[in-house]
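Chemist: This is what each chain is made of:
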Amino acid sequence: MTDSADPAADMTRAAAELIPALTERLQRHGLGEIEIRQGDLRVRVAAGPSADDGPTPAPGGGVEVTVERSGVGVTATTGSAAPLDPVTSPAVGHFVYADGLGPGQSVSAGTEIGFVEMLGIRHEVRAPADGIVRHLVAESGEPVEYGQLLVEIDRAARD
Amino acid sequence: MFAKILIANRGEIAVRILRTCREMGIPAVVAFSEPDRETQAVRLADEAICIGPAEARRSYLNQPALISAALITGCDAIHPGYGFLSEDASFAEACAVHDLAFIGPRAQVLERFASKYAVRRMLAANGLPTVPGSTGIVADLQDALAQAESAGYPVLLKPSAGGGGRGMRLVRSPREMETQLPLARSEARAAFGDDSLYFERWIEDNRHVEVQVLVDNHGNGIHLGERDCSVQRRHQKIIEEAPSPAMDEPARERLRDLAIRSVRAAGYENAGTLEFLLDREGNFYFIEINCRIQVEHPVTEMLTGIDLVAEQIRIAAGEPLTMTQEQVVLRGHAIEFRITAEDPHDNFSPQTGVVSDLQIPGGAGVRVDTHLYPGYEIPPYYDSLLAKLIVWGEDRAEALVRSRRALAELRIDGVKTNLPFHRAIVDNAAFVDAEVSTNLLDRVGPAAFVGEPA
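Top to bottom, those sequences are chains A and G. For the first sequence, this note's numbering begins at 21 and goes up steadily by one. For the second sequence, this note's numbering begins at 412 and goes up steadily by one.
Next comes chain G alone, as it looks inside the complex:
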């Protein structure tokens, strides 16, 4: 096992990883940027080290600074969290060069799973259904127009190097393709340094369902069930739950089984998530794989009792999985609400401010992962996630009742948050009846789900 782990991330996930390190008896060092000196992870850490200024490129994305920080503090492993360098094969490779374990898939595995388009083809070859779309990276406008014509509009343009829903554009006609293609290209180049695009036919009223997998380096691989992340705004997930309320148990079993078999066959390792679109008829199509711990992983932890970060660490240390597929029991229903510093009454514009007071809900079946504390100043430099409220119940009905109770208890003063949106949507018939599709909020406008400001 590792002697010491550098946590190369911030916010709630840095706190989350730190907690598991503590429980495993592994000392941890929190790497932080200058404005994050007063953040919760730094306060709780055994040791912390400043790696650069606010700008992520010079701190949380600064590979030499992070590796040097790990080396001078005596770490032998780096946990990258999510976002930032979590799926960066060059960083995983740089870690290996300096004898540091990258807690995630090894560089050669990340490399192989880096191109979304290539992965789509690889997993399709291993038995996963994929959405009809371009037969490769689109060469130019003529090629895009010709291919979209045969696949059928609307299509969703996607950056091959992308992730997290960034840089995707919905194209409904050849006319839109002419304007959207160059925009999508420049966006992809700016965001990922790679302007390769492909597209998939857009499935109206789809739901987003994903399967969590764990694969060790000893030939063992298991799934931990699926999560349904259909409540989205502009391709960003807002609420996730498990099991998927839109599928029956035989369908869920088929999806989970297909996912773990194909990903093992393709040689994946460590924790990963395979994302699927689910159409009205119950067909599912593979869209992409995430080679990291995900924001919504606690939903799965609530159902299984398995610490996913601990499993990531054990796998990276070369240990075999501690459980078999038969030992994984998915019990009850869990829902996660992403609480963000966004004002739902002002088109979800990002907010900053000082948390003047904080009321964290508790009680049975309630978990809150957050880096907030009273007096904490939310910096403008990073993403807007403030807290994750995760609620468990014996079934979905109980989880919903408990969610309403916990959302009512939760109070974050001093900064505007999307809490009014969450409090409204748990009472909305579309959500209660599991009728929300991924584009619903964008189509009707999220304002429709929020009452007037108090």
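Isolated chain A, as found in the complex:
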């Protein structure tokens, strides 16, 4: 084996450049999967199993990534391996994030995530468990329905 055939180097390059771009395209166009080839390198990103079985990767549903070079393959699945805790809206109104809340932030059960304002009354949204904030799904100020996904928390990341 030569240096250029090192699967670990290919994986590093794929992870850094190709996978984020492909995942973004996949989600933007609602595709089931997308695959590119560069020389004998093949990178495939497919929508992972999601809650609604739709073709579009659901937020947090994860994508399956395959990187293959001349038959030497590595498959990785992101997101879906560790199910994230959804934080949903307790009311019908406008959702506003708590100041400074962002992805990667460590929260404890009961930490304020934000609030939903319904007819001038604030309904607090709190973290259901200790964990790391992964995705801010809702936009601040956005109108939300009851039960709408606002934020996802990765409980396993703090264990």
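I should point out that these hints are in silico values taken from the structure, not numbers from a laboratory. Please note that a few of the clues may not be correct.
Sample of chain G residues at the chain A side, in silico, Cβ under 8 angstroms [to be verified]: (1) 460; (2) 461; (3) 769.
Among chain G residues calculated to face chain A with C-beta under 8 angstroms, some are [to be verified]: (4) 476; (5) 478; (6) 483; (7) 839.
Quick caveat, the model's predicted, so the values are computed rather than measured. Each residue gets a CB set at the ideal place from its N, CA and C atoms; glycine is no exception.
Dock chain G against the given chain A, drawing on the hints supplied.
Modeler: Chain G only, in chain A's frame:
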């Protein structure tokens, strides 16, 4: 006219209202509870919004959630359908506070027509005959006993805040009054948050006849004829028809005329229904008014060709009625069958299940209002109405023939329904001869009308 309407209801009536909104070119938003996400109205809607969990108190009865849902989706009106918040003056008032039109009577009108007892007195003052009964809300047992003695037993105890036949109790003797009064009180308190009771003398073998009215805010009011809803089980209507087969045309005209005159004089507005008892001798007595669209409104639509939901919307938007009394033509005969998820072979116990297959009848003179589709799971949380089969004929005989044909075509697989009851009663002599009184099913037991299970 309204820019967008929030439909604050579920089931067949949400679909029904949505259809009229479409035809009027008004976008509609369907408000739904979590288990109703897969319901037909949500599937058909331009837009839908989840307002809460299954429990009605937190969804379809949740006033702030409904008003907020209307505001964030850009609605300027709310149609409450029937049941839930449809006659709730506080909800109509809350809508007004947020500049939303409540599609129904305004809050102050609902308020005035909220107490059944007060309405009875108000309409009696405007010329409507009422059933002899208590002279007011009964104070206590002593008062009830004394008043029932002078009115004469049996009497029907009724919650003043009630509706839809709920919480009513038949009392045949002073002894029964002692046991029934406290029960009726606690039932009324639990169901309506108000334990005021009054009573009326019970008229044996009565029929239930009601008059549909439309009153706008420009001083116009018309009636759209009557409906006869005498096939009932425990005060719940099962079959409705128009015109009433128990009255002749002069009697029907007198009833309709008296109803619209008294309700206009009393300052009612929007669509409403005045309910009457009809005794064996042909006397009618006013019992109550319903300030909403009713389940059985399609019977009237079949006879008149008038879309009652569209009229409700126009009146709420401040528009005048589009027709005069002279332009209303009542043509032919219509019968509505309420198809419910109840097992007639097991004392009409409520059923749930998944609709595995569905055969909807069609053809001339047949209308089906339903929210069912194959694969739909009937949730246990709400009322058991699955579909309304409405059949029209040139006369009652033709309507009956067509009803038998349509009931035979209708098939709902996967869940037990009261269809066997309907198929049996359309062949029953008492029904065919218009001899059914409102208490007949309770007296002989509805099982008498249903054959053995297949």
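Chemist: Take the hints in turn and mark each one as holding or not.
Modeler: Against the structure, the hints come out as follows:
1. 460: Since the shortest Cβ distance to chain A is 5 angstroms, the answer is holds.
2. 461: 4 angstroms, holds
3. 769: At about 24 angstroms, which exceeds the 8 angstroms cut-off, the nearest Cβ of chain A leaves the hint on residue 769 of chain G violated.
4. 476: Holds. Min distance 5 angstroms.
5. 478: Since the shortest Cβ distance to chain A is 6 angstroms, the answer is holds.
6. 483: 4 angstroms, holds
7. 839: At about 47 angstroms, which exceeds the 8 angstroms cut-off, the nearest Cβ of chain A leaves the hint on residue 839 of chain G violated.
In this structure, the hints that do not hold are numbers 3, 7, in rising order.
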